[in-house]
Amino acid sequence: MTFSLVLMGLTIHVLVWEKLPDWGTWFTKLIERLPAPLAYLYSAWHCPYCFGFWIALALQLLTGVYTLPELAALTETFGLAGTIMAMSLDALVTALLIMVGSLALRALALPAIKGFELTQTFKAGMSQAQSTQEQQHDNA
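Residue numbers for the sequence shown follow UniProt numbering, beginning at 1 and rising by one.
By construction, these hints were calculated from the structure, which means they are not laboratory data. Nothing here was measured: the structure is a model prediction, and the numbers come from that model. One or more of the hints may lead you astray.
Said to hold, decoys possible - Here are the simulated distance ranges between beta carbons: (1) Gln128 - Ile12: 51 to 57 Å; (2) Phe78 - Ala36: 37 to 43 Å; (3) Ala39 - Leu105: 22 to 28 Å; (4) Gly125 - Ala39: 43 to 49 Å; (5) Ala36 - Ile12: 20 to 26 Å; (6) Gln135 - Ala112: 31 to 37 Å; (7) Leu118 - Phe78: 36 to 42 Å.
Glycine included, C-beta positions come from ideal geometry on N, C-alpha and C.
Work out the full structure: start from the sequences and follow the hints.
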């Protein structure tokens with residue numbers, strides 16, 4: 001098993017649905033200007049599994065890489081039908097792994113953000129306490 005397609009697909013999903021919309025208004029304006037069918041696809045493909053399936057197929061065609069390389073043997077056995085079966089099955093597996101990866105990132109993000117906020121609050125409190133202590137020392 002290789003995770004190349006999973007990592008590429010998950011990276012593209014995070015970029016397109018979680019990062020680009022927050023990087024200014026240009027991306028949102030671009031999405032608003034898309035033709036209706038493409039705008040619908042963008043809104044419908046927020047699901048990492050749905051997106052994962054289609055991006056896996058596209059990446060397979062571009063790279064020739066499979067998540068489960070053993071499925072490539074179906075081409076030798078069944079010809080074109082085997083290739084279609086292999087790509088479809090591999091895309092389903094890749095989509096599942098992209099979905100699991102997306103869920104794992106979200107599960108890790110909340111504690112990480114909370115920890116960062118608590119650290120910042122602690123540092124601000126320490127800085128404030130230190131400046132108060134210095135002021136009291138200067139007044140004495």
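Exercise for the section: With 37 to 43 Å as the target window, see if Phe78 and Ala36 comply at their CB atoms. Expected result: holds, 38 Å
Problem - Verdict for Gln135, Ala112 (Cβ pair) under range 31 to 37 Å - result: holds, 35 Å
Exercise for the section: Just tell me: holds or violated, for the beta carbon distance of Leu118 and Phe78 against 36 to 42 Å? Expected result: violated, 57 Å
Exercise for the section: Given the range 43 to 49 Å, decide if the beta-carbon distance of Gly125 to Ala39 lies inside it. Expected result: holds, 46 Å
Practice task
Just tell me: holds or violated, for the beta carbon distance of Ala36 and Ile12 against 20 to 26 Å?
Solution key: holds, 23 Å
Practice task
For Ala39 and Leu105, compare the CB-CB distance with the range 22 to 28 Å and indicate the outcome.
Solution key: Distance hint for Ala39, Leu105 holds at roughly 25 Å.
Exercise for the section: Could you say whether the range 51 to 57 Å given as a hint is met by the Cβ separation of Gln128 and Ile12? Expected result: Distance hint for Gln128, Ile12 is violated at roughly 43 Å.
In summary, the structure is inconsistent with hints 1 and 7 from the numbered list given earlier, while agreeing with the others.
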